[in-house]
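J.: Below are the chains, spelled out letter by letter.
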Amino acid sequence: MNRKEELITRWIDGELNAETREEFDQLMADDPEFCSRIRKEAEGIGSKMRSEIPADVQPPYPDFFNSQIQKRIREEDRAGAPERAAGGISVLWWLRSPLTWGTAALFMILLLSRNDDGISGTGSYVVSTYAPDPGVSVERAEYDTDAQATVIMLTGLERIPDEVEVKGRDITAYQPSGSRGGGLFYAGQDQLAYVMERGIGGVPEILAR
Amino acid sequence: MKRRGYIIILFIGLLLMHGWSVASAQENDAVAPGEKSTLNTKFWGALVHASNSTPKKPVQKELALRLGKAFKQYKTFELLGQHTQDKVFRDYVNWIVPSDELNLEFESKGPAKGGGMKVLLKLWQKKKVLVKSDAVIKPGKPLFIAGPLWREGRLIFVLELRE
Amino acid sequence: MNFFRLIPSNRAKEVPDGGGAGGDIPASQRDRQLVELCKSGDNQAFDELVTLYRGKVYAMILNMIHNDADAWDLSQDVFVKAWKALPKFEARSAFYTWLYRITHNVTYDWIRKRKRVVSGEFEDSLMEQAEPGALTTPKSADLPDVAMERTELRGRIARAIENLSDDHREVILRKEIDGLSYQEIAEVAGCSVGTVMSRLFYARKKLQASLEENRS
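Residue numbers (our numbering), protein chains in the order written: chain D, 1462 to 1670; chain E, -14 to 148; chain Z, 959 to 1174.
If you are wondering where the hints come from, they were derived from the structure by calculation, not from laboratory data.
Owing to the predicted nature of the structure, the values given are computational and were not obtained by experimental measurement.
Mixed in with the good hints there might be a few duds.
[As the list claims (entries may be wrong)] Calculated lysine-lysine pairs in the BS3-like style (CA-CA distance at most 30 angstroms, straight line):
| # | chain 1 | residue 1 | chain 2 | residue 2 |
| --- | --- | --- | --- | --- |
| 1 | D | Lys1509 | Z | Lys1046 |
| 2 | Z | Lys1163 | D | Lys1465 |
| 3 | D | Lys1532 | E | Lys98 |
| 4 | Z | Lys1042 | E | Lys103 |
| 5 | D | Lys1532 | Z | Lys1164 |
| 6 | D | Lys1532 | E | Lys103 |
| 7 | D | Lys1501 | Z | Lys1164 |
| 8 | Z | Lys1046 | D | Lys1532 |
| 9 | Z | Lys1071 | D | Lys1532 |
| 10 | Z | Lys1164 | D | Lys1465 |
| 11 | D | Lys1628 | E | Lys41 |
| 12 | E | Lys117 | Z | Lys1164 |
| 13 | E | Lys98 | D | Lys1628 |
Using the sequences and the hints, build the whole thing.
T.: Below, the structure is given as structure tokens:
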């Protein structure tokens, strides 16, 4: 980038200072058409950009967005809490007490006797849920030890009328389409079962079967 | 002296519970982006109708047993459709048994520390998202997502990770 | 119980916006006050900052990487990192510049890692073809991460911007869309003012050429 280009760029962006203003004024006097053309082009580009590209886009599910951040912060704070302990205090005096060790032993017995297949164990688990519809609630989202499965149970759902036919197919192959989440579903020997696309707002739409 | 003892017991209990919750929370930690996906990951999904009538095509026994324990009010479970998705890549949107009424969308977010896969689930009823959920799914430990009521029973999605 | 609705996130309506007659406090002062509250551990104050800036942060990332889900995740990462780094924030720059710097770092980290993944192990596996009747596998070699949801919807200029390098794209977006000064862009991008000007000039030149090419 040469000096001329720099001066014009500064001028376009309103970033001339006293020193560069003087230099630019000279440049403008020497070649006003060139300066104006470059500026017009730059302003045209800026204008087109602003018409096509948003400066502010709310993330989907904004309440959920915030709550997830709060959740992660709480987890980070819990993990980092020992580092923030105030210095200069002897916290080890309690270690000498037999009561301490007795309590710890009791706690470990209780801990080990739990069936820990859930959140901290070997089962699948739900990290978080969010129901955007205010009429719908998550009644349950937890590991069921008996069933050895994680259950998400919702209330407030609209019942599907009996006369509506709900049936699926045994899908054996899936080919994604160009748009995010769309695809071709095959059953049996390359028999096309569904064509799915995403509509506005990501709504799934079965186009053909 | 007695009072000091009680304070010590309470303090230790809280400290141990804190340590336990930190350990649990750390299991949820995401793996670093770019870490290799489990390329042999296979998901099996199904749409099941839970009711008390005789099913035309019952689900296999072990699944029926588990569903029965999770949803005690239902005795029979009919398989309406199933879908095995092989080699699920990170951030790849998948669907379980799509239909006009109900759809379960899931997206693998890569392996989770402590085993299993992180998934982002979205349950749709027609054009509406019923629930959005982050979960970790582990082999042999399926997710049951209970949907709306239909014909004297309830529709349930099953999602399972198979190694 | 849907316990995730317990945290209100619309408190931005109660926080005065910057500027304006009628006694509203300027945005910079509002941010400073909220930051001070955050430093004393006030999570609600941080939640308000998130609400105030989530739209900008999300848009900035989305405009760089064009992937909704990743932009969502990365935006979350930005705010969590901001929370962790807040104790070190000394208000030498505006809060938003500091936040956008974190946004830049998070975005570039993602871009770098993405490039490594795309050029590495994923490609071979995606070339595998399924046998007929086999269990479900993708039938074509299609990188799941590459398909851009908005490709068809974006205009000419937006598509032309994608052809710029990450550095040039970032600078032109910060200038024309976010309205940052050279100094602010330099702070966000971690480069000199001279580099900002040079990248801006080049980006405009390239975009102009691209538009003229399309016209002809």
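J.: Now, for every hint given, state plainly whether the structure supports it.
T.: Okay, the hints, checked on the actual structure:
1. This hinted pair does not check out: Lys1509 of chain D and Lys1046 of chain Z have alpha carbons roughly 39 angstroms apart, beyond 30 angstroms.
2. For the hint pairing Lys1163 of chain Z with Lys1465 of chain D, the CA-to-CA distance comes to about 14 angstroms; that is within 30 angstroms, so the pair holds.
3. For the hint pairing Lys1532 of chain D with Lys98 of chain E, the CA-to-CA distance comes to about 18 angstroms; that is within 30 angstroms, so the pair holds.
4. Annotation: proposed proximity of Lys1042 of chain Z to Lys103 of chain E holds, straight-line Cα distance about 24 angstroms (limit 30 angstroms).
5. Restraint check: the Cα-Cα separation between Lys1532 of chain D and Lys1164 of chain Z comes to about 44 angstroms, which exceeds 30 angstroms; the hinted pair is violated.
6. Pair hint Lys1532 of chain D plus Lys103 of chain E holds up; C-alpha atoms about 17 angstroms apart against a cutoff of 30 angstroms.
7. For the proposed pair Lys1501 of chain D and Lys1164 of chain Z, the alpha carbon gap of about 15 angstroms is at most 30 angstroms, so the pair holds.
8. Restraint check for Lys1046 of chain Z and Lys1532 of chain D: satisfied, since their Cα atoms lie roughly 22 angstroms apart, inside the 30 angstroms limit.
9. Taken as a hint, the Lys1071 of chain Z and Lys1532 of chain D pair is honoured in the structure, with Cα atoms around 26 angstroms apart against an allowance of 30 angstroms.
10. Distance hint between Lys1164 of chain Z and Lys1465 of chain D is fulfilled; the C-alpha atoms sit about 18 angstroms from each other, no more than 30 angstroms.
11. For the hint pairing Lys1628 of chain D with Lys41 of chain E, the CA-to-CA distance comes to about 12 angstroms; that is within 30 angstroms, so the pair holds.
12. Among the hinted pairs, Lys117 of chain E with Lys1164 of chain Z is inconsistent with the structure: their alpha-carbon atoms are about 42 angstroms apart, more than 30 angstroms.
13. The hinted pair formed by Lys98 of chain E and Lys1628 of chain D fails the criterion: a straight-line CA distance of about 36 angstroms is larger than 30 angstroms.
Checked against the numbered hints listed earlier, the structure breaks hints 1, 5, 12, 13; every other hint is satisfied.
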